[in-house]
Amino acid sequence: MSTTWHDMFLLLLGIGGVLLLASLVGRILQWRLSPDGSNSTIENLNARINAWWIMAILIAIAFIAGRVGVLVLFAFCSFAALREFVTLTNTRRADHWALATAFFVVVPLQYFLLWKEEYGIFSVFIPVYAFLLMPIIAVIRGDTHNFLVRIAELQWALMICVFCASHVPALLTLNIPGFEGRNVLLIAFLVIVVQLSDVLQYVWGKLFGRTKIAPNLSPSKTVEGFVGGVASATLIGAGLWWITPFTPVQAGIMAFVIAMMGFFGGLVMSAIKRDRGVKDWGHLIDGHGGLIDRLDSVVFSAPVFFHLTRYWWSLS
Amino acid sequence: MKAFMADLFAGVVLLFARAITAVRAIWDETGPPRRQSVYFANHASHGDFILIWAVLPPRLRRRVRPVAGADYWLKSPLRRFIGQDVFNAVLIQRVREERDNDPIEMMAQALDEHASLIFFPEGTRNQTDLPLLPFKTGLFHLATARPDVDLVPVWIANLNRVMPKGEFVPVPLICTTTFGAPLRLQAGEDKEAFIERAQAALLALAPKSESSQ
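These protein sequences, in sequence, are chains A and B. The first sequence begins at 14 in our numbering and counts up by one. The second sequence begins at 2 in our numbering and counts up by one.
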């Protein structure tokens with residue numbers, strides 16, 4: 014246990030250092046290039062860095078508060094993400110009770126099951142019970158207009174915002190021999206790799222980006238950013254092997270999978286935004302847009318990372 | 002004690018409104034209104050005035066008073082507490098035959114006491130598929146009585162989805178309140194022209210999908 018605290022402390026120190034450096038660079042850029050706040054790229058960069066501080070501090074507090082802290086944090090994230098997602102869907106009056114059930118029953122129950130460490134029911138609660146229950150509740154009102162579209166949207170909202178997101182704290186339930194009491198570091202590994210991959214893709218893209226990789230989906234993403242970002246995130250992940258149950262090579266492979274899932278998750282969520290004609294999912298985080306804008310890549314990589322780790326390393 | 006309870010209740014309402022709707026103001030280019038104003042808004046839900054109240058900066062929020070129907074807000078002790086003590090509403094009698102005082106006079110008096118007002122010129126909640134009901138004449142009479150007060154149009158989006166008619170559990174969805182440029186009654190402008198202009202100014206703030214429905 015004491016080595017866990019020691020590693021966590023080192024990790025927090027490292028993250029604090031990186032953020033401090035970023036803040037410093039941001040301030041210098043602002044001082045040199047945008048003293049009157051006229052350069053929107055630099056203003057946005059600084060807003061993002063400030064938001065990073067808040068997010069890092071929130072996650073650190075949750076980690077220190079322990080299992081309940083992490084569960085509460087992610088339950089809140091699921092709630093806020095679901096609120097953003099459903100706002101953009103074609104709900105009708107007839108869906109009212111199905112929606113209320115999704116927010117006030119499905120979200121708390123999914124995290125309650127994690128708290129009870131009921132893995133069996135946790136893993137099927139949404140894809141089996143919620144998916145069958147939602148259309149049943151909606152159909153009672155008898156409104157058939159757009160029925161399949163409405164139900165599919167609500168199911169996907171639950172899948173993305175609740176089911177997938179809950180696999181981040183689910184990492185705490187794994188039982189890995191020789192890694193007891195250190196599971197919270199798996200969350201740190203996942204979040205650090207996926208977020209750094211996002212940031213590094215942005216940085217590489219800004220520095221060397223020439224060729225657009227998906228002009229219809231996300232005009233700011235480039236091949237150079239993608240390759241540079243995924244490669245550097247893979248290397249950083251390998252370098253973080255000491256906080257995981259993996260060897261350096263295994264940690265690198267895991268980081269590669271996480272970064273790839275995160276990248277494609279970002280593309281999928283961009284496609285939904287384009288279809289709905291919005292630029293951001295919401296306005297919760299200054300400089301980043303909505304919560305889903307920051308969570309999209311985590312959400313896609315979390316279940317895959319969870320199941321790979323569970324299949325090869327965990328006893329339960 | 003009652004004032005403390007009212008403040009506490011107001012704090013809880015603010016927290017609840019934000020948790021359910023994450024409500025956000027979209028201001029006119031000039032930012033939050035600086036002058037005394039009558040905020041006139043579309044009306045689809047009992048919670049409409051709460052959203053406008055919630056997004057105003059605290060300094061403006063303390064001065065704003067919703068205009069509401071006395072028939073609804075005096076019906077029970079709880080509603081009376083919420084209407085009078087928490088929100089300090091200007092309670093008007095909507096049915097002409099039951100009136101013992103003039104609504105326009107009451108609103109004008111509140112303005113003379115330096116309050117700002119939240120006012121729903123449709124007169125009643127819009128439960129139709131139209132984006133906006135035709136305005137009643139109250140806004141015109143108020144503008145005539147106090148021509149030097151800014152009339153600020155505010156479009157409340159999505160709250161009717163949060164709590165449709167007849168439901169009692171709110172569904173969390175993101176709401177916005179869009180503030181437009183202030184209007185005033187122009188010299189020689191007649192009732193019809195003014196009301197048409199005010200309706201158009203409010204409707205222009207509606208998100209595209211809503212106004213085309």
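What the hints contain is simulated information worked out from the structure, not anything from laboratory work. Some hints here could point you the wrong way.
Said to hold, decoys possible - Reference listing, derived: stretches of chain A covered by chain B, where coverage requires no fewer than 3 residues with Cβ under 8 Å from a Cβ of chain B:
hint, stretch
1, 98-104
2, 154-161
What the hints assert, rightly or not - Not close to chain A: a few residues of chain B, all C-beta gaps over 10 Å, as computed:
hint, residue
3, K3
4, P135
5, N159
6, P165
7, E168
8, P173
9, I175
10, Q187
Don't be surprised by glycine CBs; every beta carbon is placed ideally from N, CA and C.
Comparing the hints with the structure gives:
1. Beta-carbon proximity to chain B at under 8 Å applies to 3 residues in the stretch 98-104 of chain A; the threshold of 3 is reached and the given coverage holds.
2. Coverage of the stretch 154-161 of chain A by chain B is violated [criterion: at least 3 residues with CB-CB distance below 8 Å; count 0].
3. Listed as outside the interface, K3 (chain B) is consistent with that label: its C-beta sits roughly 32 Å from the nearest C-beta of chain A, beyond the 10 Å cut-off.
4. The claim that P135 (chain B) is not at the interface with chain A holds, since no C-beta of that chain comes within 10 Å of its own (minimum 24 Å).
5. With a least CB separation of 7 Å from chain A, N159 (chain B) falls inside the 10 Å interface cut-off, contrary to its annotation.
6. Consistency note on P165 (chain B): stated as away from chain A, yet its beta-carbon is not over 10 Å from all of that chain's, at 5 Å minimum.
7. Remark: the non-interface label on E168 (chain B) conflicts with the geometry, its nearest Cβ contact in chain A lying 5 Å away (cut-off 10 Å).
8. Against chain A, the non-interface label of P173 (chain B) is violated: not every CB pair exceeds 10 Å, the least being about 4 Å.
9. For I175 (chain B), the condition that its CB be more than 10 Å from all CB atoms of chain A is violated, with the nearest at approximately 4 Å.
10. Remark: the non-interface label on Q187 (chain B) is consistent with the geometry, its nearest Cβ contact in chain A lying 36 Å away (cut-off 10 Å).
The structure is inconsistent with the numbered hints 2, 5, 6, 7, 8, 9, although it conforms to all the rest.
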